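K.L.:
Those protein sequence lines, which keep their order, are chains B and S. All residue numbers for the first sequence refer to our numbering, where the first residue is 1 and numbers rise by one. All residue numbers for the second sequence refer to our numbering, where the first residue is 1001 and numbers rise by one.
Be aware that a few hints might be false.
Below, a list of computed lysine-lysine pairs in the DSS-like style, where the Cα atoms sit at most 25 angstroms apart [unchecked claim]: (1) 1446(S) <-> 1325(S); (2) 80(B) <-> 1325(S); (3) 1325(S) <-> 76(B); (4) 290(B) <-> 1325(S); (5) 1325(S) <-> 330(B).
Derived, one-sided and incomplete: chain B residues facing chain S with beta-carbon distance under 7 angstroms [as the list claims (entries may be wrong)]: (6) 59; (7) 73; (8) 74; (9) 76; (10) 77; (11) 79; (12) 81; (13) 265; (14) 300; (15) 305; (16) 308; (17) 311.
Read the hints as simulated data drawn from the structure, not as lab findings. All values reported here derive from a predicted model rather than from experimental measurement. A virtual CB, placed ideally from N, CA and C, is assigned to each residue, including glycine.
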Amino acid sequence: MTCHYARRYARLVTMSLKADAPKAPTPPTPPEDSPSALADVTASDASLRRFLHGLPGVDAVGLEARAASLGTRSIKTTAKAYALDLAISMIDLTTLEGADTPGKVRALCAKGRNPDPTDRSTPPVAAICVYSDLVATAREALAGSGVAVASVATAFPAGRAARSVKLADTAEAVAAGADEVDMVIDRGAFLAGRYLSVFEEIVAVREACGDAHLKVILENGELATYDNIRRASWLAMLAGADFIKTSTGKVGVNATPANTLLMLQAVRDFRAATGRQIGVKPAGGIRTAKDAVKFLVLVNETAGPDWLSPTWFRFGASSLLNDLLMQRQKLGTGRYSGPDYVTVD
Amino acid sequence: MTFDYAPAPESRAIVDIPASHGLFVDGRFRPAADEAVFKTVSPATEEVLSEVANAGDDDVDAAVRSARKAFESWSALPGSERAKYLFRIARLVQERARELAVLESLDNGKPIRESRDADLPLVAAHFFYYAGWADKLEHAGFGPAPRPLGVAGGVIPWNFPLLMLAWKVAPALATGNTMVLKPAETTPLTALAFARICQQAGLPPGVLNILTGDGATGAALVAHPGIDKVAFTGSTEVGKAIARTVAGTHKRLTLELGGKAAHIVFEDAALDQAVEGIVQGIFFNQGHVCCAGSRLLVQESVADEVLAALKARMSTLRVGDPLDKNTDVGAINSAEQLARIRELTEAGEAEGAERWAPECELPSTGYWFRPTLFTGVTQAHRIAQEEIFGPVLSVLTFRTPQEAVEKANNTPYGLSAGIWTEKGSRSLWMANRLRAGVIWSNTFNKFDATSPFGGYQESGYGREGGRHGLGVYLDV
Chain B
1 MTCHYARRYA
11 RLVTMSLKAD
21 APKAPTPPTP
31 PEDSPSALAD
41 VTASDASLRR
51 FLHGLPGVDA
61 VGLEARAASL
71 GTRSIKTTAK
81 AYALDLAISM
91 IDLTTLEGAD
101 TPGKVRALCA
111 KGRNPDPTDR
121 STPPVAAICV
131 YSDLVATARE
141 ALAGSGVAVA
151 SVATAFPAGR
161 AARSVKLADT
171 AEAVAAGADE
181 VDMVIDRGAF
191 LAGRYLSVFE
201 EIVAVREACG
211 DAHLKVILEN
221 GELATYDNIR
231 RASWLAMLAG
241 ADFIKTSTGK
251 VGVNATPANT
261 LLMLQAVRDF
271 RAATGRQIGV
281 KPAGGIRTAK
291 DAVKFLVLVN
301 ETAGPDWLSP
311 TWFRFGASSL
321 LNDLLMQRQK
331 LGTGRYSGPD
341 YVTVD
Chain S
1001 MTFDYAPAPE
1011 SRAIVDIPAS
1021 HGLFVDGRFR
1031 PAADEAVFKT
1041 VSPATEEVLS
1051 EVANAGDDDV
1061 DAAVRSARKA
1071 FESWSALPGS
1081 ERAKYLFRIA
1091 RLVQERAREL
1101 AVLESLDNGK
1111 PIRESRDADL
1121 PLVAAHFFYY
1131 AGWADKLEHA
1141 GFGPAPRPLG
1151 VAGGVIPWNF
1161 PLLMLAWKVA
1171 PALATGNTMV
1181 LKPAETTPLT
1191 ALAFARICQQ
1201 AGLPPGVLNI
1211 LTGDGATGAA
1221 LVAHPGIDKV
1231 AFTGSTEVGK
1241 AIARTVAGTH
1251 KRLTLELGGK
1261 AAHIVFEDAA
1271 LDQAVEGIVQ
1281 GIFFNQGHVC
1291 CAGSRLLVQE
1301 SVADEVLAAL
1311 KARMSTLRVG
1321 DPLDKNTDVG
1331 AINSAEQLAR
1341 IRELTEAGEA
1351 EGAERWAPEC
1361 ELPSTGYWFR
1371 PTLFTGVTQA
1381 HRIAQEEIFG
1391 PVLSVLTFRT
1401 PQEAVEKANN
1411 TPYGLSAGIW
1421 TEKGSRSLWM
1431 ANRLRAGVIW
1441 SNTFNKFDAT
1451 SPFGGYQESG
1461 YGREGGRHGL
1471 GVYLDV
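Just need the whole structure built from these sequences, with the hints factored in.
P.N.:
Laid out in structure tokens, this is it:
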């Protein structure tokens, strides 16, 4: 939030960054060179609970009203052109189906590299997001493109598996060439109040990721309350997440303007407290260019312009891209084309 | 590159403003008896929007006579028949909401986002709500056959021109009274557009008369012996003068006057939403709100944190063209009001409070004032005591709930208050002790046709809105 907010969390300021963390195998214990202040917060379930429950509460009515109010911003002409291109470049173009095949993934990769074959000035997407067994295929299809390969891992989407299985899943994805890993938190442990267990698992996955970026999926729809989402956001950031992500896209409630706004407040406050910037990724249910632009307004007016880049903000989406492309064509030509003028992959 | 929002102006073409406007008397528009006129300008550009008739004593007399004549048949109509007219008006307001919103923003200077999303929906809601009461008055708790008072005189302010009209006209007509209404001098246009809606709805001549004019017109209306009820919303100073005028007469009086609301933020509040509430509380409608949360009382333990967040949030406020859909804070309504805001803020600085305002470019023409906050304010400062009626927030701190109550109540006013805490029991404890007509919990500046509104002490008496709003127009 601010430097004053930072003072409230002053003990976190000296926390170790992930680069400092030892690359030990599956350490459920905090890094040994971690300052005692951080150890205090994560020393036990009780201290972690005290910290997370000490975060300011969230007033649901007020949060949703603010998100709705920002949704009335009217983004036109030059601002719209900027927002559409930015949104395209922020997409993690995703396919996460049981029916995924190498052919499907290759088609999606081609689309991600060149979203609009009729207009080569269209920016590529940020990443292609697939299951871990298709990472190698995607890696090959994206070679030399600058588009990253993201893989879901840790028994996505339920996250219900032994930790060893989750870590193996992560390691395989990274070994196959994933640049980014989208893990799910253990919602069962979180809802049971075993915060430290959730924390340790993220730390362990963080280690298994090596140099790959880690996005931590909170699954907001299952956390259910905004207070929980705020706590889970801080928990994930404390454990070393590079990104916090709203959802898997596999449950009833996924990214909403309100829960994304809340997570943007969390990363803003976390940077003010620790100096470390964390990205945000809403995923699931964002299908129209109009919605995407609303999310960018949320970013601009909550976390701030520093987050307006694919390094710090992503959209997890599949059908969004084509609507963005149609709007982009409309802006360029003055005419609506139609779904037959964008590629279906 | 940054995300600069391109201008997104609402089209002016939707509203056709006649070059001159007459008085609306007996169902028709006509010039003032002495043909006096005045001009109304757009505060955002100082452009003259239209010329408006300035009603004199003869016009007031004619309007009151017309209303008196209409009262006989209007009050004799079954409530369900009166309701039909009000429902029709409500629907017409909804149908023409966009046009009325643009007109309101042009004449008043408020952002189109607010006139579109707050004012106009509330105007329609008030007419729908009181239309529903018109045939149920005998069940409203005012006796088996409550009777209307007669001719009501309404004098309304410039901050919510059409909404204040609705607050007066809807209950007055629903209860069987007829009315003579004087809109504010600087914002007559939506009331005159409303007169055309009444014509369109077939409202019988004389049931509502609208007289534009200045303070003298209002004074003549209030003093006219032919009216039975005065409903005034405006400054405490004028309210007191009206109270003196009607003292000793048969006239009933409701006054909705100024305020200096305490907006109380406890350390356990949902701080992000509290900051949003503070901004809504004082910068909504440029702070031209009688119930504005103009005194922020923040618990000292979180004062730095809240202030820093508040400043960051204020830096994102977009000040400028009221017709731009992305504008958050519009123009100050008049040069006179701007001068008053300047005078009080200068007094604040002179008395030692620390002034802060975000960097923002203001348009070169029109009346503008940056969203401003003062820290280091104490109860002894003028800016903690006097109503500024502008986008200026005074920040004070407190240590305990008891101290918050004492400071909040330490004002001659008592219109509204706000409490931010996640602890329900504390919220109720505070609400029982705060002397204010409206208390918001974990929100601010929320209005609803079903909820009574009004104040204590120098904030006035009588209630508008809800079932209570019927009582002040009935002989009970």
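K.L.:
Run every hint past the structure and note whether it holds.
P.N.:
Each hint, compared with the structure:
no.: 1; hint: 1446(S) <-> 1325(S); in the structure: holds, 21 angstroms
no.: 2; hint: 80(B) <-> 1325(S); in the structure: holds, 15 angstroms
no.: 3; hint: 1325(S) <-> 76(B); in the structure: holds, 11 angstroms
no.: 4; hint: 290(B) <-> 1325(S); in the structure: holds, 16 angstroms
no.: 5; hint: 1325(S) <-> 330(B); in the structure: holds, 22 angstroms
no.: 6; hint: 59; in the structure: holds, 4 angstroms
no.: 7; hint: 73; in the structure: holds, 5 angstroms
no.: 8; hint: 74; in the structure: holds, 4 angstroms
no.: 9; hint: 76; in the structure: holds, 5 angstroms
no.: 10; hint: 77; in the structure: holds, 4 angstroms
no.: 11; hint: 79; in the structure: holds, 4 angstroms
no.: 12; hint: 81; in the structure: violated, 9 angstroms
no.: 13; hint: 265; in the structure: holds, 5 angstroms
no.: 14; hint: 300; in the structure: holds, 5 angstroms
no.: 15; hint: 305; in the structure: holds, 5 angstroms
no.: 16; hint: 308; in the structure: holds, 6 angstroms
no.: 17; hint: 311; in the structure: violated, 14 angstroms
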